[in-house]
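Protein chains in written order, with my numbering: chain A, 311 to 431; chain B, 311 to 431.
Derived by calculation from the structure, the hints in this document are not laboratory data. Careful: at least some of the hints might be erroneous.
Any copy, or any two copies together, can satisfy a pair, since identical chains are not distinguished.
As the list claims (entries may be wrong) - Below, a list of computed lysine-lysine pairs in the DSS-like style, where the Cα atoms sit at most 25 Å apart:
#1 Lys-319 <-> Lys-367
#2 Lys-321 <-> Lys-378
#3 Lys-319 <-> Lys-378
#4 Lys-348 <-> Lys-367
#5 Lys-367 <-> Lys-321
#6 Lys-378 <-> Lys-348
What follows is each chain in one-letter form.
Number of protein chains: 2
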Amino acid sequence: MISQPINLKEKLSLFSEHWSPKIIARMNDYHFKLVKFKGEFVWHSHPETDEVFLVLKGSAEILLREGKVSLAAGEMFIVPRGVAHKPQATRECHLMLVEPAGTVNTGDTDGERTAEDNVWI
Amino acid sequence: MISQPINLKEKLSLFSEHWSPKIIARMNDYHFKLVKFKGEFVWHSHPETDEVFLVLKGSAEILLREGKVSLAAGEMFIVPRGVAHKPQATRECHLMLVEPAGTVNTGDTDGERTAEDNVWI
Numbered sequence: 311m312i313s314q315p316i317n318l319k320e321k322l323s324l325f326s327e328h329w330s331p332k333i334i335a336r337m338n339d340y341h342f343k344l345v346k347f348k349g350e351f352v353w354h355s356h357p358e359t360d361e362v363f364l365v366l367k368g369s370a371e372i373l374l375r376e377g378k379v380s381l382a383a384g385e386m387f388i389v390p391r392g393v394a395h396k397p398q399a400t401r402e403c404h405l406m407l408v409e410p411a412g413t414v415n416t417g418d419t420d421g422e423r424t425a426e427d428n429v430w431i
Numbered sequence: 311m312i313s314q315p316i317n318l319k320e321k322l323s324l325f326s327e328h329w330s331p332k333i334i335a336r337m338n339d340y341h342f343k344l345v346k347f348k349g350e351f352v353w354h355s356h357p358e359t360d361e362v363f364l365v366l367k368g369s370a371e372i373l374l375r376e377g378k379v380s381l382a383a384g385e386m387f388i389v390p391r392g393v394a395h396k397p398q399a400t401r402e403c404h405l406m407l408v409e410p411a412g413t414v415n416t417g418d419t420d421g422e423r424t425a426e427d428n429v430w431i
């Protein structure tokens, strides 16, 4: 059986909560996830991996210790492994994340914002 | 120094040739590449890795031995490792590819369509 294409808009229509990434695809040991940002996330880092952010709709900011990165739709940014960052978005922003399977959204900062790390949609 | 966001449209404006992926970012041991498809590519497979296709503009088809996958803008598809495939596009189509650094565009089918595998833009 041939697997089907994955339509990003369709997948985004299936959930509404913020800061809770949903897996849409696996490539080798990596997951592709969709997430909706709104408001401020927590400072954290991923000591074991780089993390890719690709903005699909809206805009977001990623605060780093040295400054702020502003991202619009059609722009991507890679936070290097171990680099502290805090995502935020004034209005709702839709993004795709790419990171190793098992990567937790809050990295080394476990807390109430920590999401289930293996939810597929 | 903070690295800059990567704007996909800006990067796409920097080249015009078809079937010649350009690297725009590295995440761990993986490369994110942009490519323009037009016409027919060659049958090939990548015995060592899955390969991600995300259509950014236009539409494309990926022929598999069992049938054809049609992809529109905003859709992605993952060709599993070792699966023979032949991308094609009637009109020019812009895509993002994600695959391990060093992956050659023609996989196990070396030939005149084989592109330089380490070109950044």
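Now the hints, each set against the structure:
Taking the shortest Cα distances, Lys-319 and Lys-367 sit within 25 Å of each other both inside one copy (10 Å) and across copies (14 Å). Taking the closest pair of Cα atoms, Lys-321 and Lys-378 come within 25 Å of each other only across two copies (22 Å); inside a single copy the shortest separation is 29 Å, beyond that limit. For the identical chains of this complex, Lys-319 and Lys-378 are inter-copy neighbours only, at 22 Å across copies versus 28 Å inside a copy, given an alpha-carbon limit of 25 Å. In this assembly of identical chains, Lys-348 and Lys-367 lie within 25 Å of each other by CA distance solely inside one copy; the values are 12 Å within and 27 Å between copies.
Taking identical chains as interchangeable, the C-alpha atoms of Lys-367 and Lys-321 lie at most 25 Å apart whether they share a chain (13 Å) or sit on different chains (19 Å). With identical chains, the CA atoms of Lys-378 and Lys-348 are at most 25 Å apart within one copy only, with a shortest distance of 17 Å there and 38 Å across copies.
Of the numbered hints stated above, none is contradicted by the structure.
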